[in-house]
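Respectively, the protein sequence lines represent chains P and F.
Residues 1 to 528 (UniProt numbering) make up the first sequence, in order.
Residues 1 to 155 (UniProt numbering) make up the second sequence, in order.
These aren't lab readings, by the way, just hints derived from the structure by calculation.
For each residue, glycine too, the CB sits at the ideal point set by N, CA and C.
Be a bit skeptical, because a hint or two may be false.
[Stated by the list, open to error] What follows is a list of derived Cβ distance ranges for each label pair:
# : chain 1 : residue 1 : chain 2 : residue 2 : range
1 : F       : R23       : P       : D111      : 43 to 53 Å
2 : P       : D111      : F       : G74       : 27 to 37 Å
3 : F       : S149      : P       : S99       : 51 to 61 Å
4 : P       : D111      : F       : V93       : 16 to 26 Å
Residues per chain, in single letters:
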Amino acid sequence: MDSALLHHAVGVSPNPKLKRPCYPNRISSPTSDPNQFDALMETFLDFHDSSTIALDLAIDRIIESRPHDSDKNDVINRALRLGSALTEAAKRSARRRASMHNAVVWALPSDLTIKVFSLLNTQSVCHAAATCTFFNKCAADPLCYSNINLTTIVPRVNNIVVSTMIQRAGKVLRSLKLGIVPSPPVASLGSSQALVYSMRNSSDTSGFSWNDKKSRQGKETSVLTRSCLAPLIGDGGTPGALLKRLHLYNIERMDNTAFGAAISACPSLLDLEIVGLHVELRQTLESVSRSCPLIERLFFESSKTGRDDNLKLPTCNDLVNNCPYLSSLALRGFKLHDPKVRVLVKGLRHLKFVDFSTSYAITGEFLRNLGGSVGGSLLEVLILRDCMHLREAEVSRLLSAILAGRFRLLKHLDVSNREGLASDDDWYQRCYTPSFMSLRELLEERPNLRVLADFPAEGSFVEEPVTSSDVNVDTNSPSVASSHTSGEYVFTSSSESSYNSDQSSGNEDYPNAGLPVHEESSDEVDDL
Amino acid sequence: MAETPASAAALKTVTLVSSDGERFEIAESSAKQSITIGNIIDDGCCDASIPVPNVTGKVLTKVIEYLKNHGGGGGDAEKKEKDDELVSAPVPVLLDYILAANYLDIKGLVDLVAQEIADSMKDKSPEWVRSEFNIENDYTPEEEEAVKSHFAWAF
Chain P
1 MDSALLHHAV GVSPNPKLKR PCYPNRISSP TSDPNQFDAL METFLDFHDS STIALDLAID
61 RIIESRPHDS DKNDVINRAL RLGSALTEAA KRSARRRASM HNAVVWALPS DLTIKVFSLL
121 NTQSVCHAAA TCTFFNKCAA DPLCYSNINL TTIVPRVNNI VVSTMIQRAG KVLRSLKLGI
181 VPSPPVASLG SSQALVYSMR NSSDTSGFSW NDKKSRQGKE TSVLTRSCLA PLIGDGGTPG
241 ALLKRLHLYN IERMDNTAFG AAISACPSLL DLEIVGLHVE LRQTLESVSR SCPLIERLFF
301 ESSKTGRDDN LKLPTCNDLV NNCPYLSSLA LRGFKLHDPK VRVLVKGLRH LKFVDFSTSY
361 AITGEFLRNL GGSVGGSLLE VLILRDCMHL REAEVSRLLS AILAGRFRLL KHLDVSNREG
421 LASDDDWYQR CYTPSFMSLR ELLEERPNLR VLADFPAEGS FVEEPVTSSD VNVDTNSPSV
481 ASSHTSGEYV FTSSSESSYN SDQSSGNEDY PNAGLPVHEE SSDEVDDL
Chain F
1 MAETPASAAA LKTVTLVSSD GERFEIAESS AKQSITIGNI IDDGCCDASI PVPNVTGKVL
61 TKVIEYLKNH GGGGGDAEKK EKDDELVSAP VPVLLDYILA ANYLDIKGLV DLVAQEIADS
121 MKDKSPEWVR SEFNIENDYT PEEEEAVKSH FAWAF
């Protein structure tokens, strides 16, 4: 009986080219008589697993019964096709059932699902999309891409990915972060740890090889090129129009022109952070002046510490005039001259946060007479870490000014320096134990002010900021007097190196050390 | 804090009835955090109790707790503690909460639970998400491959 049914099953798709004189019981096509076909299939499916041997034998017998070789092969092919069709039908049904199961188990409609996804970071949205078809559908909604974060530890994202994401976001795009960030960004106020990443030198490139075959093949490149931000400009500039935040890290191939063009499409920009891009200070500030009148925060860390010297006074004036809402300004690793910086600090009326760490040339003179009606009165944070030419005398002057009542809103001042402070006449002459006489008095007068002034070398003057709640300090140190004030400040002396480890500048780019190398490598991945 | 007739109105309560017949009394002012309920009250149909057909008693209990918690008064830390307790429920229950909050149009509760669900999914692999939310893979192998290569940078 089994083999008769198999006859039917195997003979079900008639091939007119083959003669079949011996098959009178063939069932007509499934579509014309579904009930009979269903009955046949049901019986077939009821075959117990132990029937596989019977199945084998039946197929053999059928083959045997065919006269010609071609017929025999035909039976085999039909059996294969049938088996395959059955498998596909079963899989399709399984998927349909899985989808139905998902709809029960995840009972949220699309709009609620999209709401959840809009709270996820970009990578997690991609993971969610890969779980099931419903999530994939929801993950295509623009609201999931309002804040796009494509930063990675090693190069993995290319222009196409950026373009896809920006397109998905459309008008809803508000924030874009892109590039290589070697480790989680250190956002602490006191750090001048360089986020600049040189792909050739970093030890983070474990597992990533420039000669990786896959990455050389055509579109498999995982490198961002200079036109990676072009999608912001495309489509009439819609994506960039409402963009509020743009953070770019270590995009080696970005240049002034491409960057300027991208920025010009972002008139609503409030927050711009650029680290390790090969763009120059003057051109960048000019682009920002031209295109981003609403900007409130600018964080710019140079890729060529100390060598970018092209800032001009007119540029500073333009910035002050065109970007009056700037309240947070960081320019790190540039050669900045006091008069130009003074224009900025004096002219930007809303300035609260200033960070000129690892700057060259500024001596601190720019702060003279500031902090009151002249300008700079709203300053809350001033960071001048590792400024090679920052003079002890100017810092003293600043502290006296604060004591005298200027910089009323200042909460945090950082003048730490790995090489000590410069003495007046000759900046090679370093001062490791600055005599900030007024410091104690200052901190009693201004208990909310926190001062960081870490300098190196043994036996020297170190103080550690301490919160005012409980201060019980070990004061058995030899030379320097210990004092415990009610303010947030304590003198201790230590014979060890004074660096708080998380505040070390980590910055190899000192005048004596080698400067970072950013040449285009010749064996870099082929560009598209 | 003026002593106005409003304080009398503040004592006014409404009764909500869950899909399985459980009855809950709640101050009108707290109930109005639900826009849906608020509309029903304003339309003047609240002399009798207000049925909430889509929500079971078990879930409505918690929703009412939320409304009372945020109905006014009480410290922020206390409110947060109660919120944290609410969202510590297992996933299927959280899904019930957010559906109820959506139906009743209580923005704060929708946001609270949505954030909790998102936080649990953050930085997890697709496999983990599937097992955690009891979701089955309904992709064809080709579709799955296409999705993964589309987002290759993320995997």
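Each hint, compared with the structure:
1. Judged by the Cβ atoms, the range 43 to 53 Å given for R23/F and D111/P is violated: they are separated by roughly 31 Å.
2. Between D111/P and G74/F the CB atoms are about 31 Å apart, so this pair conforms to the stated range of 27 to 37 Å.
3. Hint check: S149/F to S99/P, Cβ distance near 22 Å, so the stated range 51 to 61 Å is violated.
4. The beta-carbon spacing between D111/P and V93/F, approximately 21 Å, falls within the hinted interval of 16 to 26 Å.
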